[in-house]
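K.L.:
Sequence:
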Amino acid sequence: MDFYHYSMGHRHLVSQTAGLPLPAAAENWAGELIWHHIRESAGRIAFRPSHPAQVTAPESAAYLDPARLPAADVPAKLAAAVAEGRVTAVNGGDPRWQEALTFTDKKAARRRLHLLAVGDVGGTVLTGLKLLGGDCLHTIGICDLNPATVARYTAEMSQVSLPWEYDALPDVVPVDMEHLFDCDVFLFAATRSIPAVGSAVKDVRMAQFDANREIVAHYARMARRANFSGLFLVMSDPVDPLCKAAWLASNTDENGSFDGRGLLAEQVQGLGLGVMNARAAALAKTNPAYAAFLTEGRSFGPHGADLVIANSIEHYDDELSRALTQEVVEANLRIREIGFKPYIAPALSSGAMQILLLLRGQWHCGSVCLGSVWFGCRNRYTRQGLETEALALPDALFRRLQETERNLAAII
Numbered sequence: 287m288d289f290y291h292y293s294m295g296h297r298h299l300v301s302q303t304a305g306l307p308l309p310a311a312a313e314n315w316a317g318e319l320i321w322h323h324i325r326e327s328a329g330r331i332a333f334r335p336s337h338p339a340q341v342t343a344p345e346s347a348a349y350l351d352p353a354r355l356p357a358a359d360v361p362a363k364l365a366a367a368v369a370e371g372r373v374t375a376v377n378g379g380d381p382r383w384q385e386a387l388t389f390t391d392k393k394a395a396r397r398r399l400h401l402l403a404v405g406d407v408g409g410t411v412l413t414g415l416k417l418l419g420g421d422c423l424h425t426i427g428i429c430d431l432n433p434a435t436v437a438r439y440t441a442e443m444s445q446v447s448l449p450w451e452y453d454a455l456p457d458v459v460p461v462d463m464e465h466l467f468d469c470d471v472f473l474f475a476a477t478r479s480i481p482a483v484g485s486a487v488k489d490v491r492m493a494q495f496d497a498n499r500e501i502v503a504h505y506a507r508m509a510r511r512a513n514f515s516g517l518f519l520v521m522s523d524p525v526d527p528l529c530k531a532a533w534l535a536s537n538t539d540e541n542g543s544f545d546g547r548g549l550l551a552e553q554v555q556g557l558g559l560g561v562m563n564a565r566a567a568a569l570a571k572t573n574p575a576y577a578a579f580l581t582e583g584r585s586f587g588p589h590g591a592d593l594v595i596a597n598s599i600e601h602y603d604d605e606l607s608r609a610l611t612q613e614v615v616e617a618n619l620r621i622r623e624i625g626f627k628p629y630i631a632p633a634l635s636s637g638a639m640q641i642l643l644l645l646r647g648q649w650h651c652g653s654v655c656l657g658s659v660w661f662g663c664r665n666r667y668t669r670q671g672l673e674t675e676a677l678a679l680p681d682a683l684f685r686r687l688q689e690t691e692r693n694l695a696a697i698i
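So the number in our numbering is just where the residue sits in the sequence shown, counting from 1, plus 286.
A hint or two may mislead.
Claimed, not checked - Derived Cβ-Cβ restraints for the label pairs, each shown as a range:
1) 308 <-> 446: 36 to 42 Å
2) 573 <-> 303: 50 to 56 Å
3) 540 <-> 379: 58 to 64 Å
4) 353 <-> 504: 56 to 62 Å
5) 630 <-> 311: 50 to 56 Å
6) 547 <-> 361: 29 to 35 Å
7) 396 <-> 361: 37 to 43 Å
8) 581 <-> 310: 34 to 40 Å
9) 695 <-> 541: 45 to 51 Å
10) 293 <-> 515: 48 to 54 Å
11) 449 <-> 540: 36 to 42 Å
12) 627 <-> 449: 48 to 54 Å
These are computed hints drawn from the structure, not numbers from a lab.
Idealized CB from N, CA, C, for every residue including glycine.
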């Protein structure tokens with residue numbers, strides 16, 4: 287097996303492909319490595335593998351338990367580098383692979399975030415980001431179809447500050463449509479309709495898909511025209527299918543043909559799983575049967591139906607986990623039953639808190655591209671790219687993840 291070594295600035299690229307348009311370099315397996323591998327599968331172009339099998343296998347839910355992937359025939363030195371977190375795997379079969387590597391290498395300490403739609407959810411997210419985001423947000427730009435809403439929040443947020451530390455919190459500024467994508471992070475929180483409290487709609491999130499799909503597609507096409515290179519975050523329901531809808535729309539030309547010239551898959555992340563994880567924790571604090579979740583549990587999948595809560599990874603109980611999952615899925619209905627729209631916990635636990643963890647490079651709950659679907663899991667953005675947590679999953683739990691993957695793929 288022959289390997290070719292190339293120089294890419296401060297990083298070293300290794301490939302089985304000769305003649306890449308890069309400066310040749312001497313063999314070197316130390317330091318930060320880029321593994322250049324050609325594959326035809328959909329998914330992220332560049333990411334940080336957490337297991338050697340991920341550097342060659344197509345993306346799927348099996349990435350969450352990579353021991354289930356086909357064994358990778360890779361050099362021992364590469365496997366060691368993966369274990370040490372020094373590798374960026376890049377799909378050299380995609381014509382934009384060098385651009386994808388540029389995306390993984392962003393190092394800005396404080397970002398500009400633009401928030402679209404300052405309704406109940408957006409306003410609560412904004413409040414959380416303003417209060418907690420001083421270390422990683424420089425400004426928060428807000429845009430809404432109602433100019434009075436923008437004026438109100440801009441004025442009120444300018445009056446929120448720490449005494450004598452007047453620059454400690456990010457400034458909130460108005461943003462017009464023309465400059466919506468002049469930012470590092472775009473947060474989509476717009477929605478066309480939410481079923482009224484007391485309505486007979488059981489799956490509120492999926493009832494919003496058709497209407498919100500048109501809206502997110504519109505802004506994804508705007509991101510394409512702006513050559514947007516930052517993060518495109520989706521909070522509107524249903525989060526996971528809307529992520530894929532945004533990615534597809536941005537990569538479709540005026541003739542309706544997919545051309546792959548829009549958002550990278552790794553640029554798009556959904557924010558819905560955080561509140562489901564938090565609801566599971568709240569239930570675990572009040573019901574001793576679920577207590578193991580607080581130290582051993584995990585949440586996977588979408589914000590809504592097909593959610594997967596595991597009471598424990600090491601001591602998984604399928605019946606108990608399914609019962610906990612059902613209670614979590616229905617938790618929002620309890621709020622609606624007492625006459626309120628359940629938006630405060632989602633805005634903070636899925637929105638503000640996860641965004642700040644994401645920007646700090648910490649583990650967080652979010653929906654990321656795994657092949658043909660956006661799938662909720664524990665993940666983080668690193669200097670080597672987006673990384674998903676690797677776990678040894680029990681068979682019964684893994685079967686639930688595969689079922690969720692199939693159901694998500696059937697939606698869009």
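K.L.:
With reference to the structure, classify each hint as holding or not holding.
P.N.:
Hints, verified against the model:
no.	hint	result
1	308 <-> 446: 36 to 42 Å	49 Å, violated
2	573 <-> 303: 50 to 56 Å	55 Å, holds
3	540 <-> 379: 58 to 64 Å	26 Å, violated
4	353 <-> 504: 56 to 62 Å	42 Å, violated
5	630 <-> 311: 50 to 56 Å	53 Å, holds
6	547 <-> 361: 29 to 35 Å	34 Å, holds
7	396 <-> 361: 37 to 43 Å	39 Å, holds
8	581 <-> 310: 34 to 40 Å	50 Å, violated
9	695 <-> 541: 45 to 51 Å	25 Å, violated
10	293 <-> 515: 48 to 54 Å	23 Å, violated
11	449 <-> 540: 36 to 42 Å	53 Å, violated
12	627 <-> 449: 48 to 54 Å	34 Å, violated
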